[in-house]
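Participant: One-letter residues, chain by chain:
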Amino acid sequence: MNPTIMVVEDEELLLQAITKKLKLSEMDVVSCASGQQAVDYLENLDTLPDAIWLDYYLKDMNGLSFMELVKQNPKWRDIPVLVVSNSASPEKVHNMLALGAKKYMLKAEYRLDEIIGIIREFIADAQNSTGAGPTTSLPAQMSDPQTPPQAAAPPASDDPADDSTNQPT
Amino acid sequence: MADAQKHVLIVEDEKALSHALELKLTHEGFLVTIASNGQECLDLVATQHFDVLLLDLIMPVMDGFQVLEKLGAKTSQTAVFVLSNLSQHEDEERVLSLGARKFFIKSDTPLTTIVDEVRKA
Numbered sequence: 001m002n003p004t005i006m007v008v009e010d011e012e013l014l015l016q017a018i019t020k021k022l023k024l025s026e027m028d029v030v031s032c033a034s035g036q037q038a039v040d041y042l043e044n045l046d047t048l049p050d051a052i053w054l055d056y057y058l059k060d061m062n063g064l065s066f067m068e069l070v071k072q073n074p075k076w077r078d079i080p081v082l083v084v085s086n087s088a089s090p091e092k093v094h095n096m097l098a099l100g101a102k103k104y105m106l107k108a109e110y111r112l113d114e115i116i117g118i119i120r121e122f123i124a125d126a127q128n129s130t131g132a133g134p135t136t137s138l139p140a141q142m143s144d145p146q147t148p149p150q151a152a153a154p155p156a157s158d159d160p161a162d163d164s165t166n167q168p169t
Numbered sequence: 170m171a172d173a174q175k176h177v178l179i180v181e182d183e184k185a186l187s188h189a190l191e192l193k194l195t196h197e198g199f200l201v202t203i204a205s206n207g208q209e210c211l212d213l214v215a216t217q218h219f220d221v222l223l224l225d226l227i228m229p230v231m232d233g234f235q236v237l238e239k240l241g242a243k244t245s246q247t248a249v250f251v252l253s254n255l256s257q258h259e260d261e262e263r264v265l266s267l268g269a270r271k272f273f274i275k276s277d278t279p280l281t282t283i284v285d286e287v288r289k290a
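For the record, the sequence lines run as chains A and B.
Per this note's numbering, the very first residue in the first sequence carries number 1; after that it's consecutive.
Per this note's numbering, the very first residue in the second sequence carries number 170; after that it's consecutive.
One or more hints might be untrue.
[Unchecked claim] Which residues of chain B face chain A? A few of them, derived with a C-beta cut under 10 Å, are:
| no. | residue |
| --- | --- |
| 1 | Leu-186 |
| 2 | Ala-189 |
| 3 | Leu-192 |
| 4 | Ile-227 |
| 5 | Pro-229 |
| 6 | Val-230 |
| 7 | Met-231 |
| 8 | Gln-235 |
| 9 | Ser-245 |
| 10 | Leu-255 |
| 11 | Glu-259 |
| 12 | Ile-274 |
| 13 | Thr-278 |
| 14 | Pro-279 |
| 15 | Asp-285 |
| 16 | Arg-288 |
[Claimed, not checked] Think about it this way: if two alpha-carbon atoms lie no more than 30 Å apart in a straight line, the pair counts; the simulated DSSO-like pairs of lysine-lysine are:
| no. | chain 1 | residue 1 | chain 2 | residue 2 |
| --- | --- | --- | --- | --- |
| 17 | B | Lys-184 | A | Lys-20 |
| 18 | B | Lys-289 | B | Lys-193 |
| 19 | B | Lys-243 | B | Lys-289 |
| 20 | A | Lys-71 | A | Lys-92 |
| 21 | A | Lys-92 | A | Lys-20 |
| 22 | A | Lys-23 | B | Lys-289 |
| 23 | B | Lys-243 | B | Lys-193 |
| 24 | A | Lys-23 | A | Lys-59 |
| 25 | A | Lys-20 | B | Lys-289 |
| 26 | A | Lys-20 | A | Lys-59 |
| 27 | B | Lys-193 | A | Lys-75 |
| 28 | A | Lys-71 | A | Lys-20 |
| 29 | B | Lys-239 | B | Lys-271 |
| 30 | A | Lys-75 | A | Lys-59 |
| 31 | B | Lys-271 | B | Lys-193 |
| 32 | B | Lys-271 | B | Lys-175 |
| 33 | A | Lys-59 | B | Lys-243 |
| 34 | A | Lys-92 | A | Lys-75 |
| 35 | B | Lys-243 | B | Lys-271 |
| 36 | B | Lys-271 | B | Lys-289 |
| 37 | B | Lys-175 | A | Lys-75 |
| 38 | B | Lys-193 | B | Lys-239 |
| 39 | A | Lys-59 | B | Lys-184 |
| 40 | B | Lys-184 | B | Lys-239 |
None of these hints come from the bench; they were simulated from the model.
Positions of the beta carbon are idealized from the N, C-alpha and C atoms, including for glycine.
The task is simple: from the sequences and hints, build the whole structure.
Facilitator: Below, the structure written as structure tokens:
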């Protein structure tokens, strides 16, 4: 069975691009253009997503508010959350990781393929480790709240949606 | 209950969402069928009557705009509600001109509202 990824991204074109790429990567998607829509779906889905792809800035709430809602709910709090944002101040990264986000990534520094690969790793970790909380396998450089996110890869594009080498036709 | 006779076709390629909608509508007493793309929708509409069609726009194989174009006059017999993450006014105008009865932006429309609208259709 394909894993299901909830994508919370309020930029329509980017949401479409991410959704299409995930589907081509044999993942099922629940695409959400707002935080409230994602919460509504989480409350109503019969099977919870295997991971959440969260943009930090949403039109109706910020990533912190969304994370707080997710982590306060016992049914949702173990879902791995990957924050993908245009900006990453040390404070934002600290706060999101403290709330239990698995990783905080800058959009400009990763290609869609790389982010999808990281999601696959999170899902595999979750399936292989029983009882391990979502914050236990944080990469070392991201678990330090004073350390900004690492530039792990050279920018392929300012916007992953513009990555023509990765985009389906 | 009159609603129990209402047959709803969900046309949505996101399985988790179509299942969530199916559960809510079935719980309310509606008969529900799911199509995962536009072509499956047209195949079903060719052989069965549906009172309400919940139609996503961005789908593989055949998108919601093409479905509306091919449904043509059948939209007068079936209430077509478009549900989409597209929020451009031009998209709304286009689907309404193609015969959709209503256009719902998913991010602004809780699932309970969709169920309410199906009940009123």
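Participant: Looking at the structure, which of the earlier hints fail to hold?
Facilitator: 6, 7, 8, 9, 11, 15, 16, 22, 25, 33 and 37
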